[in-house]
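Protein chains in written order, with our numbering: chain A, 509 to 761; chain B, 14 to 363; chain C, 10 to 308.
A few of these clues could be false.
Claimed, not checked - Derived CB-CB ranges, DEER-like:
| id | chain 1 | residue 1 | chain 2 | residue 2 | range |
| --- | --- | --- | --- | --- | --- |
| 1 | B | R211 | A | E563 | 52 to 58 Å |
| 2 | C | V252 | B | G232 | 35 to 41 Å |
| 3 | C | R154 | B | L219 | 52 to 58 Å |
Said to hold, decoys possible - For the chain C half of the interface with chain B, some residues (derived, Cβ under 10 Å), not all of them:
| id | residue |
| --- | --- |
| 4 | G89 |
| 5 | L92 |
| 6 | F96 |
| 7 | R101 |
| 8 | I103 |
| 9 | V243 |
No wet-lab data here; the hints were simulated from the structure. Beta carbons: idealized from backbone N, C-alpha and C, even for Gly.
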Amino acid sequence: MLVLNGITAVYGGIVLALDEVSLAVEAGKIVVLLGSNGAGKSTTLKSISGVLRTEDGEVTRGSIEFEGKRIDRMNPEQIARLGISHVLQGRSIFPQLTVEENLLMGAYRRWDKPGMRKDMQRVYQIFPALVHLAKRKSGYLSGGEQQMLVIGRALMARPRLLLLDEPSLGLAPKLINDIFAVLKQISDEWKTTMLIAEQNAAISLAIADYGYILQNGRTVASGTTDLLKDQATVKGAYLGLRHDGNALSQPVR
Amino acid sequence: MRRRGKSRTDFVRDLAIIGSGRHWLAVALALSLLALLPFVLRWTHNLNWLTFLNFTLLTVIAVLGLNITTGMAGQLSLGHAAFVLAGGYALGVFTVKLGWPFWGALPVATLLSGIAGFLVGIPALRLRGFYVAVTTLAFFYIIQFVVRNIEITGGIHGLIGIPYPYVGGLAIKSDIRWYFLLLVFCVLCILASVNLTRSRLGRAFLAIRDNEDAAANLGISVGLAKLRAFFIGALFGGLAGALWASYVSVVKLDQFTIWDSIWYLGMMVIGGAGSTAGTVLGVIALRLTSQVLHSIGSSGLIPLSSNLTIYMTYAIFGIAIILFISFRPFGLIAMWQKLKANYKRWPFGT
Amino acid sequence: MPQINTIVQLIISGVLVGGIYSLIAMGFVITYRSARVFNLAYGQFAVLGAFLAWTFIGPPGSPRLPLPLAVFLIIVSAVGLGLLVEFLFFRRMIGRPLFASFMLSLGLLALLHGTIMLVWGPESRVLGATVPKGPLFLGKFVLAREYLWSFGLALVATLGFVYLFRRTRIGLAMRAAYDNQVAARCLGVSARLNSQIAWVICILVATIGGVLIATVNGVSIGLSELVLLVLAVVLVGGLDSLVGCVLGGLILAIGSNFTSYYLSQYLVGVESIVSVSLMLLVLLIRPDGLMGIKMIKRV
């Protein structure tokens, strides 16, 4: 469904953030992108969604294909229209809009009123905490509520590919479990494909089908989650301890 | 082998205004060229260009001030002409109405203008961005209003007969003498401005320009720094205005309009906001453009009335600002630096 | 009691004029919110609109074109101009720092000023019939018909804008993009479309405002001083609030009515200074204006 062919991403014409990263996401699967701070997880997602271009960055080499179509030269809004929904890092809600308006914004590209209403019901069902806050300005919600809202908003778009950037950031352990359970549930129910960037290896590998490990802007390992779980490299890459890459048992393909 | 590039070995040397022997040579050469310029003009019977040079020097001083307030400290000012106006009127009032000598009135006029800047800075303490810009604009109109309505400033007629200064018994009366006096002031102002960027305060300015919250978290007293930015910027403006008034010997309300504020901003941006050298370049570039247009208009080569020339100047300045902002946002100075870097690296890469 | 009558009269005409002020201010606020441009060239757009209107309508008594056709042409050229300005100048500013678009608008201010003067010259012109003119007597009070019409137009436009921003999908998207442009784009909101809509509205409103004011004061470059008034209205009301425009417009119009009535014989040019002084006063007390959005900051 989504293929990254050796992409190199550069910020401001100077800073190299990704160095020939390749990965593939199959339809209906949950794929997780692991790595420490600065490994290039966010940049990978931003290259896919086009947000990179709004931050003075660009993909200088390689290509990104979504369902056979090259998207690495498109604007974020064009990419969003193809059915890719990017949940940005750090709860990027619309603070002046109410919770309900935020959710409506999620469905900005949809015109099927009944379907939208149904999905809104479903989002409220998944996140019952949001029901009573519907008319509240979202800027006044707590961190956890905002994270739920952002995921709910992304679901309202009924994306075919959902990009999630650190959904666990700054949340209580209980809430992290809930959110990942919801993601798994949505993936089963709507067959939504997901690419999740995470630092929390344990919980994300628990729901994912496949994983990639990034280190210093490169893919250093990949494999099915069962395989990755067993390997010490996960721990190594996650903690950012190894800089050689020799010890990896499965080379990048 | 020729040395390419500078290798700095310690921080003090890195901060030095003039880094190397070759740099010294260049500065000395430039200064002597500037000193010789009027004689060359006299020799080639182009003395009317001296007036142009003098106004350019005055404008450089004024815009250097704006560059401190806006370019370095990031406090958008649409009212910089007000400080120039205040300096000019202060000098006029002290010399004409109160009979002070020029050299007594000049520092006081400059200081008064600085205090005016300080006052404008006070509302800016709680405001940000465009709100600051509009506050300074409002201040411009308030100063104009005050000047028009109090008696001591001569109302709408302004003040005439502002005396010229004496330097060691020498009356600074002719264009050529003014040129040297203004050149000295201008070089001093450039030095002060460059020195500011090397100081603790200059670094605080850059910090609040780039991120006010982060600067505050670093322990920079943002409010105080803003006030100082306005104060110092207005000092430069006031000095320019005071010299200006004495140079043309009159001061009137329509000498400094809101358009001057706009041109100052434009010159700063075209030269390269935040950079002293860029500011100087920008002033020269725009002043030269307008002078060339003016010469074409008055030469009769193309049938242009003086009004049409003025309107064309507006349009061309506008286009210049638009083009620079769109395609060269860091101004002439960045273009120059790129050129220099390319020259140094030649023939490797572009 | 003539005193009371004068006061009521001043308030009534203040409200009518305030309506026009608020309408014009809205064009500015919408550009700021949706295209993220602090558009200092706004006054020049009003002048341009007025001159275009004069070109189509002509001086009083000798209409060049039938009024409906002229109005149609004015609207078409304003919309076209909006799209053109967006395409030529401001499309490149999407995602650039606010200072860049601010300076660009200053450049545009100079360019338009020079161009308008080159094309139409500095002399003032009288604009032919657009809205009915003349006094309307209401008991003891006098209303100017042209102000009444302008007020009506302003009211309709205000309701239109409120509807646009509160009730439509595109309005919601514009508000969302003001909050968080990147997130809005990730949901498929087109930054370019927002910018286009904003510029069309901006120049349309500037043109309408320019024509309305020119109907009373004549067409000349002096109309561009309007931007000062707009800035005052906008900053009193709050840079990003439509309701603030209405409030700011009324406060400033009534305020300057009173000061010019009672003070102008003592102080030269006091009318022009009232609005900026009121603005400074409001800003000193409320830095975000009366109705401005206070950015929600949670740590």
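We went through each hint and held it up to the structure:
1. B:R211 <-> A:E563: 52 to 58 Å: violated (32 Å)
2. C:V252 <-> B:G232: 35 to 41 Å: Given a distance of about 40 Å, which is inside 35 to 41 Å, the answer is holds.
3. C:R154 <-> B:L219: 52 to 58 Å: Hint holds: Cβ distance 57 Å, inside 52 to 58 Å.
4. G89: violated (19 Å)
5. L92: At about 17 Å, which exceeds the 10 Å cut-off, the nearest Cβ of chain B leaves the hint on L92 (chain C) violated.
6. F96: violated (13 Å)
7. R101: Holds: closest Cβ of chain B sits about 5 Å from R101 (chain C), inside 10 Å.
8. I103: Constraint on I103 (chain C) not satisfied, violated at 12 Å.
9. V243: Since the shortest Cβ distance to chain B is 8 Å, the answer is holds.
Taken one by one, the earlier hints fail for this structure at numbers 1, 4, 5, 6 and 8, listed in ascending order.
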